[in-house]
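Asks: Sequence lines, in order, name chains A and B.
Residues 1 to 424, numbered by the working numbering, are exactly what the first sequence covers, in order.
Residues 1 to 372, numbered by the working numbering, are exactly what the second sequence covers, in order.
Please keep in mind that the hints were generated in silico from the structure rather than gathered at the bench.
One thing to keep in mind: the hints can contain errors.
Now the stretches of chain B that chain A is said to cover, found in silico as 3 or more residues with beta-carbon under 8 angstroms [said to hold, decoys possible]:
hint, region
1, 24-34
2, 172-178
3, 186-192
4, 202-211
5, 274-282
Covered by chain B, according to a simulated footprint, are these stretches of chain A (three or more residues, beta-carbon under 8 angstroms) [what the hints assert, rightly or not]:
hint, region
6, 58-67
7, 263-273
8, 279-285
9, 290-296
Here a beta-carbon is modelled for each residue, glycine too, at the ideal position from N, C-alpha and C.
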Amino acid sequence: MVKKEMIAMLLAGGQGSRLGVLTSKVAKPAVSFGSKYRIIDFPLSNCINSGVDTVGVLTQYQPLRLNTHIGIGIPWDLDRNIGGVTVLPPYEKSTNSEWYTGTANAIYQNIAYMETYDPEYVLILSGDHIYKMDYEVMLDFHKQNGAEVTIAVMPVPMEEAKRFGIMITDENRRITDFEEKPANPRSNLASMGIYIFNWKTLKEALLANSEQPGLDFGKHLIPYCHQKGAPLYAYEFNGYWKDVGTLHSFWEANMELIDIVPEFNLYEEYWKIYTKSEILPPQYLSPDSVVEKSIIGEGCEISGQVYNSVIGCGVTIGAGTVVRDSIIMNQTQIGENCELYKAVVAENVEIEDNVKLGIGEAVPNETDPGIYDHDLVTVGERSVIPKGITVGKNSVVFGITTPDDYTDGNLPSGKTLIKAGDKL
Amino acid sequence: MRAIGIILAGGNNHRIKQLTQKRAVCAMPIAGSYRSIDFALSNMSNSHINKVAVLTQYNAGSLNEHLSSSKWWDFGRKQGGLFVQTPAVTAESNAWYRGTADAIAQNLSFLKNSHEPYVVIVSGDCVYKMDYNKVLEYHIEKKADITIVCKDMEPNVNVERFGILKMNEDSRIEEFEEKPVVAKSNTISCGIYVVRRRLLIEMIERCSEEDRYDFVKDILIRYKNQKRIYGYKLKEYWSNIATVDDYFRTNMDFLKPEIRNYFFKQYPDVYSKVDDLPPAKYNVGAKIKNSLISSGCIVNGTVEDSVIFKETYIGSNCYIKNSIILNDVYIGDNTHIENCIVESRGTIRANSYHKGEDGIEIVVEHNDRYSL
Numbered sequence: 001m002v003k004k005e006m007i008a009m010l011l012a013g014g015q016g017s018r019l020g021v022l023t024s025k026v027a028k029p030a031v032s033f034g035s036k037y038r039i040i041d042f043p044l045s046n047c048i049n050s051g052v053d054t055v056g057v058l059t060q061y062q063p064l065r066l067n068t069h070i071g072i073g074i075p076w077d078l079d080r081n082i083g084g085v086t087v088l089p090p091y092e093k094s095t096n097s098e099w100y101t102g103t104a105n106a107i108y109q110n111i112a113y114m115e116t117y118d119p120e121y122v123l124i125l126s127g128d129h130i131y132k133m134d135y136e137v138m139l140d141f142h143k144q145n146g147a148e149v150t151i152a153v154m155p156v157p158m159e160e161a162k163r164f165g166i167m168i169t170d171e172n173r174r175i176t177d178f179e180e181k182p183a184n185p186r187s188n189l190a191s192m193g194i195y196i197f198n199w200k201t202l203k204e205a206l207l208a209n210s211e212q213p214g215l216d217f218g219k220h221l222i223p224y225c226h227q228k229g230a231p232l233y234a235y236e237f238n239g240y241w242k243d244v245g246t247l248h249s250f251w252e253a254n255m256e257l258i259d260i261v262p263e264f265n266l267y268e269e270y271w272k273i274y275t276k277s278e279i280l281p282p283q284y285l286s287p288d289s290v291v292e293k294s295i296i297g298e299g300c301e302i303s304g305q306v307y308n309s310v311i312g313c314g315v316t317i318g319a320g321t322v323v324r325d326s327i328i329m330n331q332t333q334i335g336e337n338c339e340l341y342k343a344v345v346a347e348n349v350e351i352e353d354n355v356k357l358g359i360g361e362a363v364p365n366e367t368d369p370g371i372y373d374h375d376l377v378t379v380g381e382r383s384v385i386p387k388g389i390t391v392g393k394n395s396v397v398f399g400i401t402t403p404d405d406y407t408d409g410n411l412p413s414g415k416t417l418i419k420a421g422d423k424l
Numbered sequence: 001m002r003a004i005g006i007i008l009a010g011g012n013n014h015r016i017k018q019l020t021q022k023r024a025v026c027a028m029p030i031a032g033s034y035r036s037i038d039f040a041l042s043n044m045s046n047s048h049i050n051k052v053a054v055l056t057q058y059n060a061g062s063l064n065e066h067l068s069s070s071k072w073w074d075f076g077r078k079q080g081g082l083f084v085q086t087p088a089v090t091a092e093s094n095a096w097y098r099g100t101a102d103a104i105a106q107n108l109s110f111l112k113n114s115h116e117p118y119v120v121i122v123s124g125d126c127v128y129k130m131d132y133n134k135v136l137e138y139h140i141e142k143k144a145d146i147t148i149v150c151k152d153m154e155p156n157v158n159v160e161r162f163g164i165l166k167m168n169e170d171s172r173i174e175e176f177e178e179k180p181v182v183a184k185s186n187t188i189s190c191g192i193y194v195v196r197r198r199l200l201i202e203m204i205e206r207c208s209e210e211d212r213y214d215f216v217k218d219i220l221i222r223y224k225n226q227k228r229i230y231g232y233k234l235k236e237y238w239s240n241i242a243t244v245d246d247y248f249r250t251n252m253d254f255l256k257p258e259i260r261n262y263f264f265k266q267y268p269d270v271y272s273k274v275d276d277l278p279p280a281k282y283n284v285g286a287k288i289k290n291s292l293i294s295s296g297c298i299v300n301g302t303v304e305d306s307v308i309f310k311e312t313y314i315g316s317n318c319y320i321k322n323s324i325i326l327n328d329v330y331i332g333d334n335t336h337i338e339n340c341i342v343e344s345r346g347t348i349r350a351n352s353y354h355k356g357e358d359g360i361e362i363v364v365e366h367n368d369r370y371s372l
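Looking at chain A on its own, in the form it has when it is part of the complex (with noise of 0.2 angstroms):
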């Protein structure tokens, strides 16, 4: 008899284009983040942490790495004989076989998932959120008020409020309407996108909306719910969480785990993050480097000088090279005697000695100059940046690049270059 209390679903299919060339070959959740977690190691570590021992992932946009990453969830003690983790990606059906349209029209394929555990509750989660939550206080939160669905809520500064989807409570914060994206917001409790439907409801309410294309929580479901009198309430959560859904936001929100005492810290003993770690041996600094400010990842050889940054595992720092204020992923290569500032560079680059990057007058981005600012300049995974190269700010590098692609070893700020696509 398989019997789970609560079961949790976690979104994960998304591109998040709004990082750029940083999601052109995998999802989201599986971006690297704070050296060497990726994205989804905080939703899938809260899960554990909170009890919750099932949980099925969906994903559809570029699976791959998210897949290898996931594997039988060892990392996040996921791996067990009833429940654990399982990857859930579309699949061909005898009739109507489709993508995910949304995120409920995700859940709404997998109701055969769903029911083979017998939830009491199922906890609905996104895989772009940086956060720790016990969800069992709010599963108990949940049952309390006997609610059908609760959802996740934190308060925000009144004027960013018309971003979010706001939630209007009563004193016992039972949700009496609610508004997306309010041009004047009559509250400030933000939508975390975190929900526990009672699954009778979820069940309910997903059969009753199969048909609405691109069946969604926020648009579809959870106005269901209310229409039909469902009580619905509101969690309210007042730790960190941060949405990294752009590449400012990425670059911050890495930059905010370097501080003294950062707010969101890694060193607490008592809710562990976990991630897949691939590499174990201990990092080395060699007599010339300096490393201030910083934090940094299993089996670097650190060779250069290191300031306000966020280095991943199996980094190599060539000597003489300046990283200041950047992002330095997995197994990167940098070369002598480079320099680089307000950098965010994907996993497996390489960069050749005496490359400069962030040098020069600002100058929005040419292409995407909604996702490529802040001074920021990105370099997407793979990529070879060759010798002596000059990259301006806000502006993007991404594939296997020669010196011919550079007009005299320069790309000016808010220049776009990407040789790399879906090709191989």
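Once you have looked at the hints, place chain B on chain A.
Replies: Coordinates of chain B only, in the frame set by chain A:
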């Protein structure tokens, strides 16, 4: 697979002093992120030996903790797996392991219940990478009864605490002396043996009938002329850690790029239990020169020519030089540590001064730790 493995991990060694007061030699931390036994276990795993027994006795708890799950070395298998055997009271015996041969004798069913034709016996206190299949091939090619892996040490190394061998031109072992007062050669036994399983059972049974307990003395040396015992020369890095000086030197070897490259960058990898620690953090004031820093460390002071193990906190204005700081040590501000090994989980008060004047000092300090 053609062989099963036995890792001898029971020993204590007074030459490593206070450091084994709370752990077995095989559980000694190595190179920042590993334990001594990880090397033998990873070698077994990488040699596709799927069934391995670890025979442990002295301070077995430390080792059991490390081996609480066998999955890190890929031994979580239906066929084979990792068997950690401590002495047990049985119908036949209530003795401790009285020696290496006795340890095997008390676990003879492990040998008898296997079907693989060969056994690879290794000790768990050595740091090296090796494909045991190469020794096995050599063993078969030489039609040997027992093959002993051995190594020519540098002339300046004191080899008197090892087994000393002398081979003829065919590599057959002619002389074998255990821990001689004066060594006659520089070829030492690495404590790695390959032997046919049935022969081993036979020799062990005979040994225990005669109340003999030591594998080297009562089997290797005693059978030296009766059996075909061959030596296999190991050319690559190999180091035994069972004295304070060797332990210190072995850890410091990892500051050399070629050693790190050999162990960490080249196939195959060395595995260890994953600790889920955050990345190392360097605050303002951190100055690190020629050192290894492990995950979970927070550094505020100066570290030179040292190996810092996991989860160590180094306070502001500290000066750590030519030292080894074991796991989870808290070092208060303004502390000076030079030529020391600091025992794990220690708490060193601010403004302390430790310097090994002639040789390496072992620092064991357990003060109250203030933590949030």
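Asks: If a hint holds in the structure, say so; if it doesn't, say that too.
Replies: Hints and how they fare:
no., hint, result
1, 24-34, "holds (count 4)"
2, 172-178, "violated (count 0)"
3, 186-192, "violated (count 0)"
4, 202-211, "violated (count 0)"
5, 274-282, "holds (count 7)"
6, 58-67, "violated (count 0)"
7, 263-273, "holds (count 4)"
8, 279-285, "holds (count 6)"
9, 290-296, "holds (count 7)"
In summary, the structure is inconsistent with hints 2, 3, 4 and 6 from the numbered list given earlier, while agreeing with the others.
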